[in-house]
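A.B. asks: Starting from the known structure of chain S, fit chain X onto it as the hints suggest.
Residue numbers (my numbering), protein chains in the order written: chain S, 1 to 276; chain X, 1 to 276.
Certain hints may be false.
[Stated by the list, open to error] Okay, the calculated bits of chain S under chain X, using three or more residues with CB under 8 Å as the criterion: (1) 104-118; (2) 188-194; (3) 231-240.
If you're looking for bench data, these hints aren't it; they were derived computationally from the structure.
The beta carbon of each residue, even a glycine, is placed where N, CA and C say it ideally should be.
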Amino acid sequence: MKLLSSNTLSGFIRTCLPQIALIAIFTATHAVCGFCCMNSNINHHISKFQCTDTIKRTKPSEILTVKELNRYYRKQLNSFKREHRKETGYDKTIKQYRSSWNKLIPSYSKIQIAGGIGRIATGPGWNYGRKSQWETDFLIGYLPKYESKEWKITLTLKQNYIPWQIPLGNTPLTFSPLSCGIYGCLLIGGDFWIKEPLRYPDRSYYRFPTRIRGHIFFGERFTLNIKHGMSRAHKSIAFYYEMCTHDLALMSLCTNKYLSLKDAVSLAFGVKLQFF
Amino acid sequence: MIFHTLKEIKFIANIIVISIMLLSTSCSTLDYHPYDAYITGAHNLTKKNIAHIERALKGKKSFKFAMISDTQRRFDETKLAIEEINSRNDIDFIVHGGDLSDFGFTDEFLWMRDLLCELNKPHVTVIGNHDCIGTGKDVYKKIYGESNYTFSAGNTRFICLNTNALEYDYSSPIPDFSFLQRELANIPENIEKTIFLMHVKPYDDEFNNNVAQVFQAYINRFPKVQFCLYGHNHNLAVGEPFEDGVKYYGCPDIADRIYLLFTIHENGYNYEIVEF
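Isolated chain S (complex conformation) (with noise of 0.2 Å):
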């Protein structure tokens, strides 16, 4: 009896590991990015409040002597000087070389269920455009045995496209009629290929990644704005579907009358948390 529950204690964690694993991946690049936000916050802040503070502190009633005085005039005009000084080359590649990286700086995180990308799939991403219309994700995934041999990792580059965003009256919703897109998916683990083994003549046998996948999706969303100040790293919550396929399956649909675009068509489902 001791030995069939350590069994299947040991079995319950081998199995859940990776989804564990995964969600801490997910809280950490988010805590991360969460943290990353709220110090340039608190950076300036505090710029702020140094400048206040030294007025206040040499503002007291007390008389001050002119040595005292000119101490602190030189104090002022010292920091004025180092302020505004020549800005030399290598200010200004440091200054471009701050600002490129901080580009990089993932904007939100997703974290999505199902769509041909694993069981569960999480990772940062980027918004661009006039209007924030594109995104792009980078998302790891775990896909469970099920009844192969093992389980796999999926890495997938997703390209989002969001023309419109209609905000609902006087709600703090905003809801998005169409997003769509792209994305690649790399399948990690098991026996796959990109370019066929050597065992195939010509290494041209089957002629089509087994490894990788491109998709398409269609799907809405529904982004919940969250009032300034009300949370500590986030500035809005978007919940979304997304209707999907791929490549294999569209292959097979064009081809066939007796399937429909219901069996070629997955659902998934995620959540997007957006830092700034």
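C.D. replies: This is chain X only, laid out in the frame that chain S set:
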């Protein structure tokens, strides 16, 4: 959340209703990955169908069976073949010569399984080379069962073999001689004849040609070998590759709209090529 007017509530309600309608009309199951090997519905079909065949033909010395093969990504033609076969009453069972799927992704197996289950007579399948791609081997094992198996139809023993040696890269014994040895030792008493069913015939690229002669020697040790059936080559063919009196019948792919009809009687057999 404050809804100011009834209009806004109506608008939001409409959007939600439309979304749900879209979801329910075009929704199918969640797809974790094309190669996820996640199987729902009927499985272990070989065992179930064999039980039907053996029960129905017990003690009989003559029977009729149809052969179809290479139905990969040909759902429309397969559907026609099934309708054609279902419209006749004289067929006892159907054999499938392999290649149920084209790309080996899980949904393909499920679609073909559901289609073949529309046959009103039991059917058996062998594994094809396309069924070995990705997680296909595992999916085949779950849905149909072992890839090497035998069954009795009256006084005839059917030996169904996995001969897709190229797919296994010598990591598994293909064809499995220890299986043949075991079957030779355990032939039921009432068996008088033997018929072989495989996907790839000897001397094909996919076959382990190093052991082709050995394979034939094993085949000839079985009681009164009638003939061997195969698919894979997508054309109708009759041959005697070893010139030892054992005929190999090649079944064309289903796109040719042909199925083979074999009648086994006490003194031998005849075959028909049926176009539909």
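A.B. asks: Using a Cβ cutoff of 8 Å, are there at least 3 residues of the stretch 231-240 of chain S near chain X, or does the coverage claim fail?
C.D. replies: With 0 residues close enough to chain X, the hint is violated.
A.B. asks: Count the residues of the stretch 104-118 of chain S whose Cβ falls closer than 8 Å to any Cβ of chain X, and tell me whether that reaches three.
C.D. replies: holds (count 6)
A.B. asks: Verify this for me: three or more residues of the stretch 188-194 of chain S with a beta carbon less than 8 Å from a beta carbon of chain X.
C.D. replies: Holds: 3 residues of the stretch 188-194 of chain S have a Cβ under 8 Å from chain X.
Violated hint: 3 only; the structure is consistent with all others.
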